[in-house]
Amino acid sequence: MGISLRHAVLLIVPVVVFSIIQPVFAQESDNIIINRVEVWGLFYKGMVVAFTIGAVIMGVIAYVVFRFRESNPKNIPRGPQEGHR
Amino acid sequence: MVLEVKKPRPMWEILFSTHHTDIGLLYIILSLVAFMIGGALALVIRTELFLPGAQIITDPNTFHRIFTTHGTNMLFLWLLPFAAGVGNYLIPIMVKYKDMAWPKLNAVAFWMIPVGMALVWLGMADFTWYATPPYSILRAPGPAAEMWIFGLKILGLSSILGAINFIVTILKMKHPDLPLMKTSLFVWGTLVTSIMILVALPTFTAALIMLFTDRLGVSGFFNPNMGGDPIAYQHLFWFTFHPEVYIFAIPAIGMAYELIPRFARKPLFSYQSGVTAFVLLAIVAFASWAHHMYATGMDFTMKTTFMVGTLAAVPASALHVFNWIATMWGGRIKFSTPMSFVVGGLVLFFYAGAGGVVNSMMPLDFLTHDSYWVVGHFHLFVMGLITFAFLGMIHYLFPLITGRMYNERVGMITFWLLFVGVSMVFLTQHVLGLYGQPRRVFDYVPVEPLIIMNQIATVGAMISGSGAALFMANMIYSAGKGKPADMRDPFKLGEQYFDYTRKEPHH
Amino acid sequence: MGHGMIEWVYVGVVIMLLVYLGAAAWDVERLLDHPPKDSKVVRVIAQQWFWTFEHEDGTREVGELHLQKGVPYKFEVTARDVNHAFNIPDLTVLIDAIPGRINTVWVMPDATGEYLIQCREYCGFSHYQMRAKLIVEEGVSNVSANIDAKDIPVVLPETKAAVVSN
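Chains as they are written, first to last, in the working numbering: chain A, 1 to 85; chain B, 1 to 507; chain C, 1 to 166.
Don't read these hints as lab results, they were simulated from the structure.
Just so it is clear, CB atoms sit at the ideal spot from N, CA and C, and this is done for glycine as well.
Check each hint, because a few of them may be wrong.
[Said to hold, decoys possible] Restricting the straight-line Cα-Cα distance to at most 16 Å, the calculated cross-link-like pairs of lysine to aspartate or glutamate (EDC-like) are:
1. C:Lys37 with C:Glu76
2. C:Lys74 with C:Asp57
3. B:Lys481 with B:Glu408
4. C:Lys74 with C:Glu54
5. A:Lys45 with C:Asp27
6. B:Lys266 with A:Glu70
7. B:Lys492 with A:Glu38
8. C:Lys40 with C:Asp27
9. C:Lys133 with C:Glu54
10. B:Lys334 with A:Glu38
11. B:Lys104 with B:Glu13
12. B:Lys172 with B:Asp99
[To be verified] With the Cβ distance kept under 8 Å, some of the chain C side facing chain B (calculated, not the full set):
13. Leu18
14. Leu21
15. Val28
16. Leu32
17. Gly100
18. Thr112
[Said to hold, decoys possible] Computed footprint of chain B on chain C; a stretch qualifies when at least three of its residues, placed anywhere within it, have a C-beta under 8 Å from a C-beta of chain B:
19. 11 to 17
20. 49 to 62
21. 114 to 125
Work out the full structure: start from the sequences and follow the hints.
Written as structure tokens, this is what we have:
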């Protein structure tokens with residue numbers, strides 16, 4: 001049978017999920033949490049993701065706008081142009 | 001051309017016309033007027049909030065009426081009619097039919113809007129554009145409240161009639177040789193939006209009637225004193241108005257699909273992706289309404305369900321963003337005013353969406369709910385993506401409608417003023433919300449961070465306002481005295497997509 | 001042209017990030033959803049345009065709320081007339097106050113001081129200034145005064161009871 005992708009996923013998913021929801025089990029042992037610490041912690045996590053994706057997308061847009069603008073010397077049309085007609 | 005340069009048409013001919021180009025123009029003019037008035041109201045609000053304490057408005061009641069009317073006006077008298085106007089103008093041309101399916105109904109739907117407009121503006125209700133009970137039933141003063149209710153009823157009806165007209169025109173009246181999968185994405189956007197209107201609006205129609213009878217005292221749907229449930233209203237309201245925000249956005253996305261391939265001089269990256277994204281968004285839009293109600297005391301399972309439903313809409317938007325960037329990649333992009341607006345709108349679209357993902361993460365609602373974060377978030381959508389796409393489109397259609405060109409340099413100045421101004425106001429308001437400033441407040445705690453951020457927002461609003469004023473000046477002046485446009489290729493793109501020389505039969 | 005692999009990868013990445021954020025949010029919400037068993041109940045009553053607080057022992061406070069540091073509190077929030085929302089921004093407490101309904105939210109104040117309580121749902125004329133003051137004091141049970149060795153509780157092995165041997 002051998003180890004295939006399915007087996008790897010079957011193994012990895014519970015491990016990942018388990019590690020993410022670890023603090024839930026802390027609740028059952030009556031560890032009192034500080035609300036604002038948890039909430040702001042989650043907020044910072046969201047901010048990291050948002051700013052990382054943001055940097056990537058803004059970077060791509062900036063590149064596209066700069067590189068493919070009409071006035072870019074690399075963009076001078078050469079040869080016969082095929083019109084859309 | 002609707003406004004002919006050499007032989008101006010008599011005003012009554014346009015007003016009484018049932019032709020789609022004339023009605024489209026009427027919608028556009030009405031919506032632009034509403035845009036300016038709504039903007040003026042916004043400037044009053046921002047001036048008042050420049051400093052703590054009362055500035056130009058002396059009593060909170062007036063302030064409440066102003067922001068209620070600002071919101072109601074911008075959503076129902078600017079965003080929806082403008083989209084209907086552009087749709088009216090272009091859809092019959094795009095499906096190669098002579099007019100909308102029912103031209104007289106089209107005119108009726110349009111003329112209902114000034115009536116609704118008058119009711120909303122003359123009433124100036126004070127219960128926020130949500131009109132949430134019990135306040136709207138027990139405390140909000142009439143006749144403002146009743147006028148708002150009737151005004152919205154009429155506007156809702158107008159929307160529904162317009163939606164029916166669009167659906168029938170696109171599906172039944174399109175040219176027999178034109179398959180649906182070969183129509184432009186603007187057509188798809190309009191079709192999807194119209195179907196969503198038919199599905200979403202009836203719920204709010206019912207809620208409005210229930211609100212009215214509750215006010216009269218003959219029913220107690222939402223009145224806790226009569227055993228009613230105020231939260232039921234919120235479900236009815238948001239079941240309509242969450243899809244409604246996509247109804248606002250999808251026409252703008254359709255317009256972006258018109259402008260980006262043209263100005264990038266490159267074919268659209270993936271037509272199928274666009275259609276898929278529209279249909280997906282339309283369906284998933286109905287699965288997320290109660291994310292507006294996380295704070296009402298919902299149970300955990302329900303909150304989770306709606307968080308999943310909300311996040312499920314993000315990939316569809318991500319598809320659109322990918323499509324646009326991939327279309328621009330490798331093109332030869334001319335950044336005239338229409339394209340600049342659309343790409344600026346794309347940038348703001350991302351920030352709006354990112355903030356939205358943060359909102360949907362349930363516990364973060366403790367931070368953001370009913371704070372200025374939300375104000376910043378939704379304005380990045382409506383004033384960012386949607387208004388920018390609309391303004392880009394109106395600049396693009398200007399030569400088609402008037403036969404003249406607007407002033408390009410002024411157009412670009414307009415774009416930069418608005419882009420800088422809008423970013424200043426609404427990105428700052430996200431931080432303001434994190435500091436805890438609630439929405440809909442006449443005044444705020446006089447601490448330095450709040451004061452400084454409010455001032456930055458006000459300055460940004462002034463910059464945006466000057467951009468908007470310049471835009472109107474450009475439009476009005478150029479419509480009368482602008483240089484006649486080269487009708488074959490007004491933007492000198494080198495390729496011809498629109499037959500600008502086509503003459504419209506007027507009847 | 002067409003879909004291409006890159007678009008699928010892009011959508012896959014977007015979905016994975018959303019799942020990650022959604023799971024993290026679900027996780028924190030689970031924690032916040034259950035008040036600790038020994039929470040003290042405080043009834044919060046909102047009305048146009050002030051706040052009333054009722055403690056377990058019957059004490060009523062208007063416009064001010066005194067809580068103890070380190071003690072978990074469960075707020076039972078309701079309203080008398082229209083919708084309001086109970087919000088303590090510094091402690092990230094936020095829940096709607098709906099007439100005819102009791103909503104619950106809990107918090108354990110972890111630092112002494114004065115905090116702002118404000119209304120977070122438009123409720124009419126004075127909504128913008130519908131505020132109260134939260135004062136968190138050192139808990140009586142947390143104050144370590146002069147402790148004699150004989151006052152320190154001892155757990156009896158037989159009954160497992162904790163007694164202070166005088």
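Mind checking the alpha carbons of Lys104 (chain B) and Glu13 (chain B) for me, to see if they're no more than 16 Å apart? Given that 16 Å is the threshold and the Cα spacing comes to 14 Å, the pair holds.
Grab the minimum C-beta distance from Gly100 (chain C) to chain B and call the hint holds if it beats 8 Å, violated otherwise. holds, 3 Å
Taken at face value, is the distance from the CA of Glu54 (chain C) to the CA of Lys133 (chain C) at most 16 Å? holds, 14 Å
Can you confirm whether chain B covers the stretch 49 to 62 of chain C, using C-beta to C-beta distances below 8 Å and requiring at least three such residues? Check failed, 0 qualifying residues.
For the stretch 11 to 17 of chain C, does the count of residues with a C-beta closer than 8 Å to a C-beta of chain B reach 3? Satisfied; 3 residues make the cut.
Under 8 Å, Cβ to Cβ, is where Thr112 (chain C) needs to be relative to chain B, so tell me if that hint holds or is violated. Constraint on Thr112 (chain C) not satisfied, violated at 20 Å.
Within a Cα-Cα threshold of 16 Å, do Lys334 (chain B) and Glu38 (chain A) meet the stated pairing? violated, 48 Å
Straight-line Cα separation of Lys40 (chain C) and Asp27 (chain C) no greater than 16 Å? With Cα atoms ~24 Å apart, Lys40 (chain C) and Asp27 (chain C) exceed 16 Å; violated.
Lys74 (chain C) and Asp57 (chain C) were given as a pair; does the straight-line alpha-carbon distance stay at or below 16 Å? Cα-Cα ~14 Å, so holds.
Run the distance test for Lys74 (chain C) versus Glu54 (chain C): straight-line Cα separation, threshold 16 Å. Holds - the C-alpha atoms of Glu54 (chain C) and Lys74 (chain C) are around 12 Å apart, at most 16 Å.
Is the interface hint satisfied for Leu18 (chain C)? The criterion is a beta-carbon contact with chain B at less than 8 Å. holds, 5 Å
Taking 16 Å as the top limit, are the C-alpha atoms of Lys45 (chain A) and Asp27 (chain C) close enough? holds, 13 Å
Violated hints, listed in ascending order, are 7, 8, 10, 18 and 20; each of the other numbered hints is respected by the structure.
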